[in-house]
Amino acid sequence: MQAINLALKQEMEKDETVIILGEDVGKNGGVFRVTEGLWQQFGDNRVIDTPLAEVGIISVSIGLAIAGMKPVAEVQFDGFSLPMLDQLYNHAGRMRKRSQGRWHVPLTLRVPHGGGIRALEHHSESVEAFFTHIPGIKVVTPSGPYNAKGLLISSIRDPDPVVFLEPKRIYRAIKEEVPEEEYTIPLLNSQVVQEGSDVTVIGWGAMIKTIKEAVEQLQGKYSVEIVDLLTLYPLDEKTVIDSVKKTGRCVIVQEAPKTCGFAAELIARINEKALLSLEAPVQRVTGYDIPVPLPKLENYYIPDVTRINKAIENVMSF
Amino acid sequence: MQAINLALKQEMEKDETVIILGEDVGKNGGVFRVTEGLWQQFGDNRVIDTPLAEVGIISVSIGLAIAGMKPVAEVQFDGFSLPMLDQLYNHAGRMRKRSQGRWHVPLTLRVPHGGGIRALEHHSESVEAFFTHIPGIKVVTPSGPYNAKGLLISSIRDPDPVVFLEPKRIYRAIKEEVPEEEYTIPLLNSQVVQEGSDVTVIGWGAMIKTIKEAVEQLQGKYSVEIVDLLTLYPLDEKTVIDSVKKTGRCVIVQEAPKTCGFAAELIARINEKALLSLEAPVQRVTGYDIPVPLPKLENYYIPDVTRINKAIENVMSF
Amino acid sequence: MPKREVKPKLEMFQILNEDGKIVNTREMPQLKNEDIKRMYELMVLSRVFDDVALKLQREGRILTYASLLGQEASQIGSVLALQKDDWIVPSFRENGVFITLGFPMEGLYQYWAGDERGMKILEGRNALPVAIPVGTQVPHAVGIAWAMKLQGRKNVVVTYFGDGATSKGDFHEGMNFAGVFKVPCVFICQNNQWAISVPRSRQTASETLAQKAFAYGFDGILVDGNDVFAVFKVTKDAVEKARAGKGPTFIECYTYRMENHTTADDWKRYRDPREVEEWKKKDPIDRLKKYMEGEGIWSEDYEKEVWDSAKAKVNEAVKKFESVPPLMPLDMFEYVYAELPPELEEQRKDFE
Amino acid sequence: MPKREVKPKLEMFQILNEDGKIVNTREMPQLKNEDIKRMYELMVLSRVFDDVALKLQREGRILTYASLLGQEASQIGSVLALQKDDWIVPSFRENGVFITLGFPMEGLYQYWAGDERGMKILEGRNALPVAIPVGTQVPHAVGIAWAMKLQGRKNVVVTYFGDGATSKGDFHEGMNFAGVFKVPCVFICQNNQWAISVPRSRQTASETLAQKAFAYGFDGILVDGNDVFAVFKVTKDAVEKARAGKGPTFIECYTYRMENHTTADDWKRYRDPREVEEWKKKDPIDRLKKYMEGEGIWSEDYEKEVWDSAKAKVNEAVKKFESVPPLMPLDMFEYVYAELPPELEEQRKDFE
Ligand SMILES: Cc1ncc(C[n+]2csc(CCOP(=O)(O)OP(=O)(O)O)c2C)c(N)n1
Ligand SMILES: Cc1ncc(C[n+]2csc(CCOP(=O)(O)OP(=O)(O)O)c2C)c(N)n1
Ligand SMILES: [Mg+2]
Ligand SMILES: [Mg+2]
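Protein chains in written order, with this note's numbering: chain A, 10 to 327; chain B, 10 to 327; chain C, 4 to 355; chain D, 4 to 355.
Derived by calculation from the structure, the hints in this document are not laboratory data. Be aware that a few hints might be false.
What follows is a set of in silico ranges between Cβ atoms, one per label pair, in the way DEER data are often shown [what the hints assert, rightly or not]:
hint, chain 1, residue 1, chain 2, residue 2, range
1, C, Arg277, A, Gln50, 24 to 30 Å
2, D, Lys283, B, Lys23, 53 to 59 Å
3, A, Ala182, B, Ser206, 49 to 55 Å
We treat Cβ as the ideally placed atom computed from N, Cα and C, and that holds for glycine.
Work out the full structure, taking the sequences as your base and the hints as a guide.
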């Protein structure tokens, strides 16, 4: 959270076309306090509270971006991002094409993402697969403070529309050294966060933390390689494929509902490029095809250590 | 098209809670003439021209459905259905849950779907994967007049929200006997439209026609089994898995952009349930991750006979 | 420039002023003493419910909660203008509405504790569940109202939402449908001046919210939302008009959110305490109390009785809420479809 | 009921009536004879372009086409009120706008023939491409206007859309932002009475469209859209107001779609030919011609010259259009991202 705040602050200091807009991002500093202090520093023309209108936020941002601004728009919660899909699909991702290169849309949409904070209904959804199916946009999924900062700076600077999915569950949960200096992480990047040789576990966003916990619990029973997808589109496929080729076994962890989630796309690619290396079917550990339950049950919905380890056992014993 | 018209007419005669609403569906009979004559027969209270407002159409239909009507809403073209995703995701698919069973939403959303009619921009998109990722709704993909009629009747009668994707390219292209009598096809149904033993080719909607043409062109070089997915969610998975287990090779044809399309989900399931039977990676023949080109190039975008047969050759020679 | 602009002026409708005096006798609805007492008792009950909710939240027994403090007159006054089988389409701040409808308060606590069973819709009541995505419920109300009309029923729909909701496209598209199809729907906008930290002036440049109705071809009314008589009267008129087939009405209840947006919020970050102080003087309960005192239908004893009874009811509800058996994890697969599709059947099995 | 509703009345602004007479001398803009001739010539050029487009479509040389017949005054009159570097955010029926901006007509034909290169935005002109999804471009205009304001530029944005567009949430959210942030944007609604087969009365119950601006706290103006002087004057005023930092204006150009919605449509299925006949009498070109005749700046020779010149230009454009080298299939991978991501690189290779 502080990492994101810092990235915003530094980019705004550096480039005065960068502006922030969204609901409650100004004086209030955002409902997650991500934009804390920025309104005070940059004023009402650069950190802008908007009316309560998600279509307005994204579509007005498209206009701002066309005309030379670099809007960093915020949608307050993942569940409210769906009204934005139309403008992303029919306009943001096409303006470059439609104007035959004359205009482009360098906007960043920040989406606090996923569950696990015991919030109200519609505040805990994982919606990345809607975005990754939209041509012309990029989808970025940081998993912790360090990479969040570098990826956000790259996203803001990227000339194309970027959807930046912030795992809200770890806004405060992960403590990590984040360098003061500015640095970027390219928007085509997956990281092997732990090397291993028996099985590859792939995840992104908040799931990386859970995966690490799960693997820790295995106490070295298997040699697990963990791959963190920092960008979903474009995807650093090579890292994924290389890892699966090496281990021959794979578990994918996704918080979103199972059917047509991003895990399916990964399996399709593994099938296309590493089928012969597979020694077991790739296993998905995912949310279910139901609305995210209210807090009393949401922890049964979100992939947890037990389910991940069961899947690892399954692929290992196949 | 006549089949759909007939299904609507018969259901409306039978059940007076069935109403049609959408843009130009009334006097004008719909831009594709699918609702031709219905306004004349049933009048302004049952075949209703609405304001130009896709969110309005779907959300007002949700209200109508809760209060005992069976709305059959039409969105004029696929590209304009995206504003509806929010209401489908956050309301239609959840009302049963949220009211703990007190209310449900028996609406049908008809979406003329896909490309190939040399239409304007945003009139040729394939958007099924957005819908199949939404919990609580069903997604139906007829491929010809006969199954369209039976599936539409089932969709209208279904107590849950159904998105009915009509392949507009074959509105007029396929001539087929359609019985006058009413009949239903269950909303969990895939059909083996041609049996074979070498390779399974899976498709849905307009692609079935193209697949058939492709296979015909092979002139029996391979024994091809064609599977037509009449419903994507729920999916009649057994038919798919059985076929792939039998043939060991599979090509999936999808008009939508490749990444995170429904083909990926199919591959994930094949991986989970038939991996050991696979003799080659499942091949996807799909649209590209770009906006559907304007008519001059759209035929290069939509999977065609050549690309399908190339994929068949690829899996056969793997 | 020639006269080609529109700038009409909307006045605020009031019956009972801040001192508890009737300022508009002609419009004062005919209410029996019991009716007035009922209004008062329900407002007090809602306030006690609310107060305890905040307490339960601080103690971690319920989760994020949205207080209705200050908005009691808007909620109770309007619901009381309805018939029993009329429809209610609420937003998320309408605990006072649910209480007036007779929803068990333990269910409300349960809901705010993150247990979906709490939103079980009371049999015999036509209400939709809490809607969190702002403004998205408005067109549902329109659809239901339209169904009433198509079915030839005489029921009316009332939907609640805030000032923030008027910025959403869903609100616009729904309102527009309502005007075109002249449906029996009453739109109640509780303009509590804030959408979390965003003040009304940043929400829209429109001078009043009520005037937005003009864009849809029907009446917009601005009413003092802390005046329970005015709210009741205006809603009653609108509901009767709708029932008579004369179409929708938009009512802006001018009120104030006295509390934080939700318990996750801290209003001191963005608003001036003096503003809050000013609004305290307009409190809807105080105002009605003064009126009743003037009319001789209030006494210290009565006051004590009302609050004691409210507290007892709420305590009872808290007890019931705390003794509810826990949800079963498998319950999450319930109520998704009429029949579980095979995918979900499998996922459910997987879960076990 | 007490006075608590709003029902202001909007009058239609007109300068040049149907007989070519000035009915509002005071408002008549100061135009040189060349200016008036230019208006006339551009309107005729647009009409010839349109007529040939319909012919090309019948012959299968272009695809679905949306005619602007009858709307020339709304389009040309408004564009002429702009400065060269002002922004234009069009819908899909604005061929007259593009022509007035100087877009090559062969490009427009190319676009309507399904060749994306036709929408290449003319260098030196700040216009967005054709927007097909109704109403969705309106908020883009607001964003651009806002950028102008934030950047301290003096440019104004004009956006075009139809009566149908006013029903969309995108329109609502965009208009509302425009009011709140007081951006230099002029909203031009060509109310041509129809949205395909849906008449204006079914689109909204609002008496005028112009009055919708009232919901967003800025001016709405109703203007005779077939009166090029009135459109010019009203747009000019609005543009200057915007440039002066005084915020947005909504202009309803009251006009008529004389042709089918697009070539894929058949208006005889849903509208009364008498209605079309009535509107013929209000033709914007005829009207201006009569005026010019009265002023002595029109002659038979001039008329012939104008039409001949327009036809020659259009024929030239058709020739160029038909000699354009075909698109390369691989071009479809162009202009999707600044740099082709590996997925697309691979798909592109696959395609070859
Ligand atoms: C579509 C949507 N966007 C954002 C939110 C987050 N949010 C919850 S309430 C709220 C403010 C609502 O303001 P208003 O409509 O005035 O209602 P109030 O809270 O004042 O009762 C916001 C922004 C939401 N719930 N839904
Ligand atoms: C969002 C959306 N819905 C539906 C359509 C199909 N459609 C194209 S034009 C049109 C009518 C537009 O009416 P109006 O806004 O009045 O513009 P006009 O065509 O009269 O210029 C419709 C329904 C569309 N293009 N976009
Ligand atoms: Mg509010
Ligand atoms: Mg129109």
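Evaluation of the provided hints:
1. C/Arg277 <-> A/Gln50: 24 to 30 Å: With Cβ atoms ~26 Å apart, the hint holds.
2. D/Lys283 <-> B/Lys23: 53 to 59 Å: Since the Cβ atoms of D/Lys283 and B/Lys23 sit about 46 Å apart, the hinted range of 53 to 59 Å is violated.
3. A/Ala182 <-> B/Ser206: 49 to 55 Å: Distance hint for A/Ala182, B/Ser206 holds at roughly 54 Å.
Checked against the numbered hints given earlier, this structure breaks only hint 2.
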